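Line order of the protein sequences matches chains A and B. First residue of the first sequence? That's 1 in our numbering, and the numbers climb one at a time after it. First residue of the second sequence? That's 1 in our numbering, and the numbers climb one at a time after it.
Bear in mind the hints are in silico, worked out from the structure with no lab data behind them. Treat the numbers as computed from the prediction; the structure is a model and nothing was measured. The reader is advised that the hints may include incorrect statements.
[As the list claims (entries may be wrong)] Quick partial rundown of chain A residues pointing at chain B, CB under 7 Å, derived from the structure: (1) Leu2; (2) Val3; (3) Ile5; (4) Leu6; (5) Pro37; (6) Arg40; (7) Leu42; (8) Ser45; (9) Glu47; (10) Met50; (11) Leu54.
Glycine residues also receive a C-beta, built at the ideal position from the N, C-alpha and C atoms.
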Amino acid sequence: MLVRILPYDGAPLYAQIASQLRRAITEGKVKEGERLPPARELAESLEVHMHTVLRAYDELRQEGLLEVRRGRGVVVLGRGQGRARLVELARAFASEGARQGLALRELRKLLGEV
Amino acid sequence: MSQAQTLKWSLLVSAGLGLCASLLPLLIWGQRLPEPLATHWGFGGAPDGALPKAGLVLMEAGSIVLPLVLVWPRKLLVARAPVALASVVFPSALIALVSMSVVWLNWDRADWRGAGHFSGLLIALLVGVPFALAGGAFAIARRVWPSGDAAPSAPAEALPLAPGERAYWSGSAFNGWLVSLALFVMLEGGVLHLAFGKTPGMAEWNLALHALVVLLFMFMWKVRVTLNERALTIHYGLLGWPRQRIALDRIRSAQTFELVPMEHGGWGYRGSLKLTRRAAVVVRSGLALRLELEGGKRLSITVDDAETAARLINGFVNRRADPPTNTATPTAVHAS
């Protein structure tokens, strides 16, 4: 599993980490039931604060990609791979909508129509 | 003579010498030996089993010819030459010594029950000499046929890294077979404990040895490798401990290759970076990462997704050697 971040790139570090992890899950680099590295290890390697990594993990957990298990660490969920793909597509959809100046309500309506 | 031919001749000569040394004494001095011959000795050293001469001759010939047939070079064999040669030399030497011991202990006896006793010295000889010869053959073959080592292949393409970019990679390798093997060893330890548990001294040795083997297996069930700009770290076993850290400035380049455990002497941590300058962390066969270290040392690690690791290492190495600048500097380009 590869995680690359570019500080001072504009996007917040936690978002960069989350997006890299999401990609690793979509591409099957981390599979169902596998553990993500301990937050401390990832934070030390990327020279970021541990809370930054935890925030990225939390974001993915809220998206339903991961589960935090006591004593077992952070585990990738079975539906993670398909789910990560959906989240990626939704993000692309939302950013394209924003670029075209559509409000969230209009985007929702569009989704309902298809 | 091609490499494969020299290897074939070496195998044939080793097996031939073994056959001669094993069978000739039996055939030449057959009349001075009892029929059947004492061929098995009990714990006290007294003979407790016999075989007719013809049976012994067949068994000895089979024990030497079978390994020869098994390792006989077909295609790829030069890479496995040391293992092949050692697997022929070992049984040849062992059978020859066993045969000579049998002749010596049965010499001029009327009946096999009167054969001489087996001594501890003889056992030491029977174990030590074949191991020494096979080890020697292995070492010589390694020099003569430098195996897949000699074939240099290109380092993996470097991952381009922007200035200031930080990266982390982790991968692992797992071997389910080793888990089954560890369970088997535990079972064996249990059975032996039932059999010898009451023999003083035996029980402790049995438990200690089996616990040690299971512990070694536990370290090699799984490895996890993590990588950042400062170091590559190998985490052994399910606990991720012990760890081995290789600072990135010791690494010259990285590449991937298909690892065949037998070419590295089997599974586990093979070789030594300090002594032989070659080491391999072998958990399974297949995709592996190879690190060329400073001082001509080489470390191979079986790990999934090794391709990404090799590319990232080379990316780090390139950026260190040639820090990216804003102005493009002209460099000499050699067309290959």
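Status of the hints after comparison with the structure:
no., hint, in the structure
1, Leu2, "holds (5 Å)"
2, Val3, "holds (5 Å)"
3, Ile5, "holds (5 Å)"
4, Leu6, "holds (5 Å)"
5, Pro37, "holds (5 Å)"
6, Arg40, "violated (12 Å)"
7, Leu42, "holds (6 Å)"
8, Ser45, "holds (4 Å)"
9, Glu47, "holds (6 Å)"
10, Met50, "violated (14 Å)"
11, Leu54, "violated (15 Å)"
Hint violations for this structure: numbers 6, 10 and 11, all remaining hints satisfied.
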